[in-house]
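Trainee: Here is how the chains run, residue by residue.
There are 2 protein chains.
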Amino acid sequence: MTETVALREVGMRDGLQNIRQFMPTERKQAWCAAEVAAGMREMEVGSLVPPKLIPQFADAEQVIGFALKQPGLKVNALIPNLKGAERGVALGVHQLNYVLSVSEGHNRSNVRRSTQESIDDFKRIVALRDAQPKERRPTLGCGLATSFGCTIEGAVDEKRVLAIAEQILSAGVDELMVADTVGYADPAQVRRVFTQVLRLAGKVPVAAHFHNTRGLGLANVLAALEVGVRRFDACLGGMGGCPYAPGATGNVVMEDTVFMLQQMGFSTGVDLPALLLVRKQVEADLPGVAFHGDVARAGLPKTWRGNLAAAAE
Amino acid sequence: MTETVALREVGMRDGLQNIRQFMPTERKQAWCAAEVAAGMREMEVGSLVPPKLIPQFADAEQVIGFALKQPGLKVNALIPNLKGAERGVALGVHQLNYVLSVSEGHNRSNVRRSTQESIDDFKRIVALRDAQPKERRPTLGCGLATSFGCTIEGAVDEKRVLAIAEQILSAGVDELMVADTVGYADPAQVRRVFTQVLRLAGKVPVAAHFHNTRGLGLANVLAALEVGVRRFDACLGGMGGCPYAPGATGNVVMEDTVFMLQQMGFSTGVDLPALLLVRKQVEADLPGVAFHGDVARAGLPKTWRGNLAAAAE
Chain A
86 MTETVALREV
96 GMRDGLQNIR
106 QFMPTERKQA
116 WCAAEVAAGM
126 REMEVGSLVP
136 PKLIPQFADA
146 EQVIGFALKQ
156 PGLKVNALIP
166 NLKGAERGVA
176 LGVHQLNYVL
186 SVSEGHNRSN
196 VRRSTQESID
206 DFKRIVALRD
216 AQPKERRPTL
226 GCGLATSFGC
236 TIEGAVDEKR
246 VLAIAEQILS
256 AGVDELMVAD
266 TVGYADPAQV
276 RRVFTQVLRL
286 AGKVPVAAHF
296 HNTRGLGLAN
306 VLAALEVGVR
316 RFDACLGGMG
326 GCPYAPGATG
336 NVVMEDTVFM
346 LQQMGFSTGV
356 DLPALLLVRK
366 QVEADLPGVA
376 FHGDVARAGL
386 PKTWRGNLAA
396 AAE
Chain B
86 MTETVALREV
96 GMRDGLQNIR
106 QFMPTERKQA
116 WCAAEVAAGM
126 REMEVGSLVP
136 PKLIPQFADA
146 EQVIGFALKQ
156 PGLKVNALIP
166 NLKGAERGVA
176 LGVHQLNYVL
186 SVSEGHNRSN
196 VRRSTQESID
206 DFKRIVALRD
216 AQPKERRPTL
226 GCGLATSFGC
236 TIEGAVDEKR
246 VLAIAEQILS
256 AGVDELMVAD
266 TVGYADPAQV
276 RRVFTQVLRL
286 AGKVPVAAHF
296 HNTRGLGLAN
306 VLAALEVGVR
316 RFDACLGGMG
326 GCPYAPGATG
336 NVVMEDTVFM
346 LQQMGFSTGV
356 DLPALLLVRK
366 QVEADLPGVA
376 FHGDVARAGL
386 PKTWRGNLAA
396 AAE
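Chains as they are written, first to last, in my numbering: chain A, 86 to 398; chain B, 86 to 398.
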């Protein structure tokens, strides 16, 4: 039996939020459609922040509306607060992803309030979710940013990660995303943190969200995989990072992640040759943006196994 | 207790052999001295091939002579055949590394003979080693190239890797290097192969030699580490790869490898900030050559642990 690993493309949110040039709405939609056609089943397609804050997401409504029409796609959107959640509910987004920082300093600099205030805000969003009629009730994810360290505070206490995870779980979250926002995680730490979070979470799905800032992205995916994580965020071309730091990488590269998982014998549902064509399309649509990843450059090996589940079907 | 991982810098051999511009002898020596000063204890500093074949190594004698004067450095050189071994013995190189390909097709294209003929040649080199007086007897390594796949033959049978490893071990090798020459390995395969090779090898040291061609270099290091490998080859700036394939990467990046290992709590003896300065020096000495690696670009995190063994001393 082939075991499945669930991948979520976050490039249209985490990648694009760091890119200053506005990607035309129609090209965002083309990206979404092409990646769904390549087998991607879950995408975070934008952020429901005020357009003034991040102009890239001024067209979030149109992009989300388009994404909701893609067959078999679970549409995610990031929400910064209750107002974003209300917008997401009105649009019928399948999953709304709230984010708070485990590091107090990072949370304050990001959203100008304490982590505890963010947790309280999350509880109000849970109440909003629960007030929806069942047929249009979204699932609610919560990202724990800076779970592996923080550029402001440095080390982040693993006990604090667990304590916050516990509060979010009790509040009624549908999925936890444990995130190495700044690329500080190492595989030993990843194993420790995810072992404990998975134990706490029980049946609530736990995803890993890694950045490849210091080259350990896939090693961290492997470490999380080993302790039982079966959900990962990744980004086409490893886009993102800071637009002011030339060459800085963003999320773990989706193409390389699919390659590693499928060569290891996991099924991801993704057709990698097709995904590499999506990459070319998006790269052409974003001139000047650095695309990362090694499989796109080196090509598939002669030993390429392909999508085992698809082959078995 | 901090556990130690042994690293061997192979950039002066595996990196330079793919670079067409001749690096001046004095700059090669400067690289060697600087990296030893940064804590590197083992380096493969050249290849004892006929200079006509690889002009980059025309100055191998002078580079090796210099390296042998570096305090605490175990000097390695690659040897393609018995003649190379004789040169190495005459020079007093500490370790001579022979290479053969597990893939028959790769071996034939590389050295124009069968793998079995290469194994027989290795036995003659063992006899040469054994004929040396003890005080100037080198240790003898043997690299098993294409152990994880081959660009000519595709898949390589794991049973064949083990059968060849067994022959080389019985012949009397001092170290086995199991190599993913073409960047085909995945972490599941790495675990399987190294688990079996380590069992076969018993007390004979086994090193892993990975290329980062498809981005899995550090994930493969992690996988090997998990099954007990404690010796790794890596290369400053991930140099190497094919000079005709722009952007192709070579060996696993030394700086990122040191970063991962030390963050995980292993000691490597290497002072990473000093190593990053060596990288700058060598990069300046090789204009136009692509240097890879993410730590050099992103910098060390606030949570950088440093060299734990050095700190404890």
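Derived by calculation from the structure, the hints in this document are not laboratory data.
This one's a predicted model, so the numbers in the text were calculated from it and none came from an experiment.
There could be a bad hint or two in this list.
Unchecked claim - Taking lysine-lysine and the DSSO-like style, the derived pairs with C-alpha atoms no more than 27 Å apart in a straight line are:
hint : chain 1 : residue 1 : chain 2 : residue 2
1    : B       : Lys365    : B       : Lys154
2    : B       : Lys244    : B       : Lys137
3    : B       : Lys244    : B       : Lys288
4    : A       : Lys244    : B       : Lys137
5    : A       : Lys387    : B       : Lys365
6    : A       : Lys219    : A       : Lys159
Trainee: Hints first: check each against the structure and report whether it holds.
Mentor: Results for each hint:
1. Proposed proximity of B:Lys365 and B:Lys154 is supported: the alpha carbons are some 23 Å apart, at most 27 Å.
2. Straight-line distance between C-alpha atoms of B:Lys244 and B:Lys137 comes to about 36 Å, which puts the hinted pair past the 27 Å bound.
3. Distance hint between B:Lys244 and B:Lys288 is fulfilled; the C-alpha atoms sit about 21 Å from each other, no more than 27 Å.
4. As the CA atoms of A:Lys244 and B:Lys137 are separated by approximately 61 Å, the hinted pair breaks the 27 Å bound.
5. Taken as a hint, the A:Lys387 and B:Lys365 pair is broken in the structure, with Cα atoms around 36 Å apart against an allowance of 27 Å.
6. Between A:Lys219 and A:Lys159 the alpha-carbon distance is near 17 Å, which keeps this suggested pair within the 27 Å criterion.
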